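Colleague: Residues per chain are reported as follows:
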Amino acid sequence: MIAFLKSLSSAWTWKMAYRDSRSTKWKLALFSTSIVFGVAALVIIGSLKNNLNDSVRSQSKSLLGADVQISARQEFSEASQELSKEIGGEQAREISFTTMLTVGENPSPRLVSIRGVEAGFPFYGEVATEPAGKWDTIHSNNGVLVEESFLISMQGKIGDVVKFGNLELPIIGTLAQSPPSSSGFASMTPTVVTSFDVLQGSDLLGSKSLSFHRTYFKLPDVSDHKEMLEQYQPVIDAERLQTTTATQRSERIESTINNLYLFLNLIGFSSLFLGGIGIAGAIHIHVTERIPSVVTLRCLGCTSSNAFSIYFIQGVCMGILGTLLGVAFGCVTVLIGGAFADSLPAAIPFEITITPVFYEVMKSACIGFMISICFALLPLLKLRNVSPLAALRQGDSTDGEAKSARDLLRWLIIFALAGTAFLLAWLDNAEMGKGALTAAGYVGFLALTFGLLLGCGLLLRSLLKFCVRRTWPFTLRQGVSALYRPNNQTSIFMLSIGLGVFFLFTLMLMQNIILQGLSPERMAGRPNVFMVDVPPEDSARAVETIEKSGSKALGAAPIIQLRLTEVKGIPVTDILREQSARADDNTADASERKIPGWVLRRSFRSTFRSELADTEELMAGEWVGTYDSSATVGEVIPISMEEKIAKDIGVEIGDTIKMEIEGFGEEAVLKITSLREVDWRSMELNFFIVLPSGAVDDYVAFNILTARSDSPEDRANLQQAMFASWPSVSVIDLSLILKTVQSVLNAASKAIQVMSLFTLITGSIVLISALLSGRKIRTKETVLLRVLGASQGQIARILAVEYALLATLATVAGAGLATIASALLSHHLFDSETYVFPWGTLLFSAFTVIFIIVVLGMLLSRGISKTPPMHALKAGG
Amino acid sequence: MSSILETTDLSKTYPSGNSQLTVLDAVNIQIPTGSTAAIVGPSGSGKTTLLGLCAGLDRASSGRVILDGNDITSFSEEQRSELRRKSIGFIFQNFQLMPNLTAIENVMIPAELQGKHGAETLQRAKDLLDRVGLDSRMQHYPKQLSGGEQQRVAIARAFIHQPKILFADEPTGNLDEESSLLIEEMLFEINKELGTTLVIVTHDNELAQKTQHLIKLKGGKLVSV
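Note that the protein sequences, when read in sequence, are chains A and B.
Numbering of the first sequence is given in this note's numbering, commencing with residue 1 and proceeding in unit increments.
Numbering of the second sequence is given in this note's numbering, commencing with residue 1001 and proceeding in unit increments.
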């Protein structure tokens, strides 16, 4: 080590490193770019995460618009109102629900989320509008503010009148930014904002099955809002209220950002590791070519440390160059992104300043440099064992190749690489325990993916070699044998192409899995329009309206709204109190099962029917379809429960629960007699709880009707007809939902696509480096074939076969792994048994990748087939 | 006259399956300082092995090598590197020039390895290249030079640090007759001028006859001195 450090401090070593690199400086510079995109990806992802989190933290109160928010899914009870009084501070109320709405002269209504807010809200931050300053005027002018994109899609303009229910209000402006809320980034429906009083005074509220009631609090004197709310926990639990503090709101957003960051960072890491492998491969070839020089130096008295240092310095310079270029590219990309920050979608509820973050830049630079050095060291190690005796005896240059598996230093570097990846991923996570798990996941993923790709490559190569027959054409056999050429870097090819294909294909298949469930082909004959809140007494007339408008009425489901009050004899309020106490008690057994709060608080919209639906399968117990109508509520009613929610509640067949029938002030005792599996992806009317016909027929809150409309015109007619007769009925058009899902998926996948593209570009650079590195060996082989009489055409065919085989094997390995990964995710995550793989798209994409690689390979091999044999032989081939 | 190189029962064996293959068997030689010697023998007789052991490029299985008063058989690899750096010069059959360095840079390496980077070294390298007739090819890379020219660069490199002993492994083996004669002349002239001991491994009888000491090997054994 001391000798190595001494060598590094010698000016001669640096001079020799420079001299030696002169003839290959451009090649070395190209090799160093292998890590550029990996480093840039880390700079971009890290800076964006920090920018977003900083924005969220600094605007946490503006995000909620208040210090605390209390919400309920029904009108606030007296106890809830008392609670608000007790909490005190400045308060503002809000009502929100979905409704059909028309704009101006456009007769087609659209489903929107309408929010009615009281003056004073938001207490923190401002809501930007166009024209400016219109937010406060909704209270005085009784107008509405709408999203600009919605207004454009409805072909409306400011000043037009919107109609919903019995209300007609003028549009006074558009929302340049989403008003503060406790929900996520974006809603499936456009947002329309008006004043609280307008909605409160309308007749819509009474006919709405689902409305949200919120109260916002400004409590500047309270330092810990969460602690303040804890003293009211019994009332909050008893009244089934939801609470959100400004800190919780920002933490939720930060958590979403961090989850996305972890995933994107994994792709960035993969890209960097792939680049590192590219550097290792390039240095391996470079050093192999330089071994005669090292032998000479050793003969002339150069120590092994000195010789090693010369090439180590070159590796360090490559690492520095690649890192600097990566940092520069990353920073420029972030700055360009920052210039467009103002044009981010209005759905992002906070202002963002996008700029490179010094800490992230330095961290990415350190990671990039360390990884490139570790990877460069692996092939350099063999220089320590170069024997000067090789000057006398050809082909005896190193005595270290066979010992590499036993080389302690080699293993130390491999562990250092894994350790570096682990530590960096670990330190990146604020929670040490979770961080260790994430870090282990990173290292495991990298090791597994890289290992599997290499394993697949080796397997496919062996299979190919096994299949080759003497009867095959010479060019084909020669192309296959080229895969086994020494220093051909076949494994590097497999990794660089395979990893890029794996990421892109997985992304493509995952999107396909999600969208396939909603595709029109799959939906053929199934309902694609849902009408919610149809008054029970108007069901028959609504069916007639559907048929008259050109659509086909498919079904109706009476909805009973139920809320849990007792589980196996224990009141829900007791369960909530006990769970809350257990959460505070650090000594409590953490493994003890907890019923999710949302299950205990939610309103179960259930139905009754005598038959199982097509989308359900009985998993246990006995289906009870009818119930003696003479029985009265209060007696035990048999029900069927969806198996996963039963597991959440902790009930099995034979257990009883008590539920309140909302809107009627009565309770029903229900006994679980069967458990069902439900295909939630079917987009049909599915329910957690199904009661038998005859049990609660008189307690219907509203009906949901389903219909099938085969053309956009039919759907528009249906919406208009329903809106004309029942303005409060929400008509949900699945094709619009599908479009929204598609646009959300497209937006979410853009970031992943960009990162995958970085991996693919890195793969291409590694590929080009590998092709250029192997050019000398290919030329030598080609020259020999030319000497033996091979034509230029034959040489070109051999090269084409070699590249086609490399590309095919790598693409098959990458696409194969992507298919397996997607099949597993489809089965376990999306619970899909009927997913059909898009084989056509897959094959087309695979052939495109193979074609591009063959073309690239042939372009980079230009001239090889024309090299005059004598010229190459004279040059020492 | 004192000897600069002396071997005592020098042997080299390699494991071959379960047995040992002896390629050099108890060789004893003495080469006086400033003299010239040739190691000759048929292929596989152990010539190159003997050269490698004497020059400290390889380790002996048994016996001793005393070079310039040092028992190099007990030297570590680093100590042998230092000895090569300071006291030994080499000329190889395949020239062994560094392809990425110009002719003058190649010549300067041994001196630079000793920390001599200054103008004096540069001037000496220029003088030596001038001496071997390559004053106009100093900035050329090896691939731009003919085989004979490359070997002349190698000769200049071998003498730049004024080694006490020069080992030449088939120095004319890859050259035509005319170039060979030129190289031979240069080797002996510089040897005389600088008083460097010259040890040549060769198949060429004419070249061998020009040296003062003839070391004949056969089957790894010394036949005559």
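Take these hints with a grain of salt, some might be off.
Said to hold, decoys possible - With a Cα cut of at most 30 Å, we get these calculated DSSO-like pairs of lysine-lysine: (1) Lys1164/B with Lys1126/B; (2) Lys15/A with Lys1210/B; (3) Lys1143/B with Lys776/A.
By construction, these hints were calculated from the structure, which means they are not laboratory data.
Quick caveat: nothing in here was measured; it's all calculated off a predicted structure.
Colleague: Each hint: holds or not?
Modeller: Evaluated hints:
Restraint check for Lys1164/B and Lys1126/B: satisfied, since their Cα atoms lie roughly 21 Å apart, inside the 30 Å limit. Distance hint between Lys15/A and Lys1210/B is unfulfilled; the C-alpha atoms sit about 40 Å from each other, more than 30 Å. As the CA atoms of Lys1143/B and Lys776/A are separated by approximately 15 Å, the hinted pair is consistent with the 30 Å bound.
In terms of the numbered hints stated before, the structure departs from hint 2 and from no other.
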